[in-house]
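**Student:** One line per chain: the protein sequences are A and B, in this order.
The opening residue of the first sequence carries number 15 in this note's numbering; numbering runs sequentially from there.
The opening residue of the second sequence carries number 15 in this note's numbering; numbering runs sequentially from there.
Derived from the structure by calculation, the hints contain no laboratory data.
Think of the CB as a built atom: it goes at the ideal place given N, C-alpha and C, for glycine as much as any other residue.
Worth double-checking, as some hints may not be accurate.
Stated by the list, open to error - The following label-pair restraints were derived from C-beta to C-beta distances: (1) 66(B) with 147(A): 46 to 52 Å; (2) 66(A) with 175(B): 56 to 62 Å; (3) 110(B) with 201(A): 42 to 48 Å.
As the list claims (entries may be wrong) - Examples of chain A residues lying across from chain B (beta carbon under 10 Å, computed): (4) 19; (5) 20; (6) 45; (7) 51; (8) 83; (9) 175.
Chain by chain, the residues:
2 protein chains.
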Amino acid sequence: MSFSPLLQQLITALRCLPGVGPKSAQRMALHLLERERESARHLANALHEAVEKIGECQICHTLSETPVCDICADDTRDKQVMCVLESPVDLIAIEQTGGFRGVYFVLKGHLSPIDGIGPDDLGIGHLLERVVSEGIKELILATNPNVEGEATAHFIAAQINDADVRVSRIAHGVPVGGELEFVDGGTLAHALAGRRTLQRDIK
Amino acid sequence: MSFSPLLQQLITALRCLPGVGPKSAQRMALHLLERERESARHLANALHEAVEKIGECQICHTLSETPVCDICADDTRDKQVMCVLESPVDLIAIEQTGGFRGVYFVLKGHLSPIDGIGPDDLGIGHLLERVVSEGIKELILATNPNVEGEATAHFIAAQINDADVRVSRIAHGVPVGGELEFVDGGTLAHALAGRRTLQRDIK
Ligand SMILES: [Zn+2]
Ligand SMILES: [Zn+2]
Numbered sequence: 015m016s017f018s019p020l021l022q023q024l025i026t027a028l029r030c031l032p033g034v035g036p037k038s039a040q041r042m043a044l045h046l047l048e049r050e051r052e053s054a055r056h057l058a059n060a061l062h063e064a065v066e067k068i069g070e071c072q073i074c075h076t077l078s079e080t081p082v083c084d085i086c087a088d089d090t091r092d093k094q095v096m097c098v099l100e101s102p103v104d105l106i107a108i109e110q111t112g113g114f115r116g117v118y119f120v121l122k123g124h125l126s127p128i129d130g131i132g133p134d135d136l137g138i139g140h141l142l143e144r145v146v147s148e149g150i151k152e153l154i155l156a157t158n159p160n161v162e163g164e165a166t167a168h169f170i171a172a173q174i175n176d177a178d179v180r181v182s183r184i185a186h187g188v189p190v191g192g193e194l195e196f197v198d199g200g201t202l203a204h205a206l207a208g209r210r211t212l213q214r215d216i217k
Numbered sequence: 015m016s017f018s019p020l021l022q023q024l025i026t027a028l029r030c031l032p033g034v035g036p037k038s039a040q041r042m043a044l045h046l047l048e049r050e051r052e053s054a055r056h057l058a059n060a061l062h063e064a065v066e067k068i069g070e071c072q073i074c075h076t077l078s079e080t081p082v083c084d085i086c087a088d089d090t091r092d093k094q095v096m097c098v099l100e101s102p103v104d105l106i107a108i109e110q111t112g113g114f115r116g117v118y119f120v121l122k123g124h125l126s127p128i129d130g131i132g133p134d135d136l137g138i139g140h141l142l143e144r145v146v147s148e149g150i151k152e153l154i155l156a157t158n159p160n161v162e163g164e165a166t167a168h169f170i171a172a173q174i175n176d177a178d179v180r181v182s183r184i185a186h187g188v189p190v191g192g193e194l195e196f197v198d199g200g201t202l203a204h205a206l207a208g209r210r211t212l213q214r215d216i217k
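Generate coordinates for the entire structure from the input sequences, incorporating the hints supplied.
**Tutor:** Listed below in structure tokens is the structure:
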């Protein structure tokens, strides 16, 4: 005896959500069908719309419903200061501190040779192109404060050969080994303010 | 600064899942859009299909894609022994023990005067009707072993006035205050085997 085919299909599909194991997928499916059918219908539509209509910003690569996101389209932002992040969720976290008025570049991850993720997969070529073409004066590397994030930051720093571009790393106010997305706004604002210039590995 | 409208809509919609707060809804939405678009599309379809096509069995009220569920339609089951449950998930748990060959009645919850949930909302009238019309010899009350489940079991027991119907309650092998759905199969099988006849409150 097991669940009916459609119920089993729903339970399996819910497993794609991060942190959802077999037991919680089962609870979620039954909860929706027993008590939240209207919400389940709404969730199905929201998923469908999001997947079909949310793409990424051509300029900074964050998630965006328009070809150019609101931040890149905002003329009041300081376009000479660029903050490099691993994920759109980190962009939101930085924006919520209210302490940054520059622009962004979202890498979508970090270098991971073991998984075959190299500079091209992260769009580092496009990043370097923007640094030159937009006359960036400061590049703040705000990848995660863990081994992979540090390695990615140092790799990018090593590519910048223009002495007029200040390359900085957010200060270690953020907990080492943690993930930016879980850091509170105050710590994050502090880490941004205390950023330091990185020593160039390649001069 | 906040998320784009469609992304915000998805994050809000994910909150309908049990145990999902604002932070995990955000992580889920971004995870799906950044890395699991195909799975998200699949989940949208699974939700849609489940909501449209899964109804309930006319006889036992468990979730079913057909008017009569597989168990009620199975002629090899002992139709004179009926097990009363609070939820379809409990039915699956009992079936998985392999120790029960009778039929079921799913109440979908428990009596809760404070929430305005009375006997009619649980279909107790239909249950009593089945007890008579199907010549049930034993009614096993397997509502949750907590205060509400006990009250519901005693309410039902008090309605059965036919001395030929044995009314039993699953044994307290199940942890008091717990929920059936989280009990392991062995304990559940033991609890079923050790069921005792309930004293009648009304004779
Ligand atoms: Zn942008
Ligand atoms: Zn049935």
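**Student:** The hint names residue 45(A) as touching chain B; please verify it with the least Cβ-Cβ distance against 10 Å.
**Tutor:** holds (5 Å)
**Student:** With a cut-off of 10 Å, does the beta carbon of residue 83(A) approach a beta carbon of chain B closely enough for the hint to hold?
**Tutor:** holds (8 Å)
**Student:** Any CB of chain B closer than 10 Å to the CB of residue 20(A)?
**Tutor:** Holds - the Cβ of residue 20(A) comes within 10 Å of chain B, reaching about 5 Å at its closest.
**Student:** Checking hints one by one. Is residue 19(A) an interface residue toward chain B, by the C-beta closer than 10 Å rule?
**Tutor:** holds (7 Å)
**Student:** If you take the shortest Cβ to Cβ gap from residue 51(A) to chain B, is it below 10 Å?
**Tutor:** Constraint on residue 51(A) satisfied, holds at 5 Å.
**Student:** Does residue 175(A) pass the interface hint, meaning its C-beta sits closer than 10 Å to a C-beta of chain B?
**Tutor:** violated (31 Å)
**Student:** Taking the Cβ atom of residue 66(A) and the Cβ atom of residue 175(B), is their distance within the range 56 to 62 Å?
**Tutor:** Hint holds: Cβ distance 59 Å, inside 56 to 62 Å.
**Student:** May I ask you to test the hint 46 to 52 Å on the CB atoms belonging to residue 66(B) and residue 147(A)?
**Tutor:** Hint holds: Cβ distance 51 Å, inside 46 to 52 Å.
**Student:** Verify the CB-CB distance for residue 110(B) and residue 201(A) against the hinted window 42 to 48 Å.
**Tutor:** holds (47 Å)
In summary, the structure is inconsistent with hint 9 from the numbered list given earlier, while agreeing with all the others.
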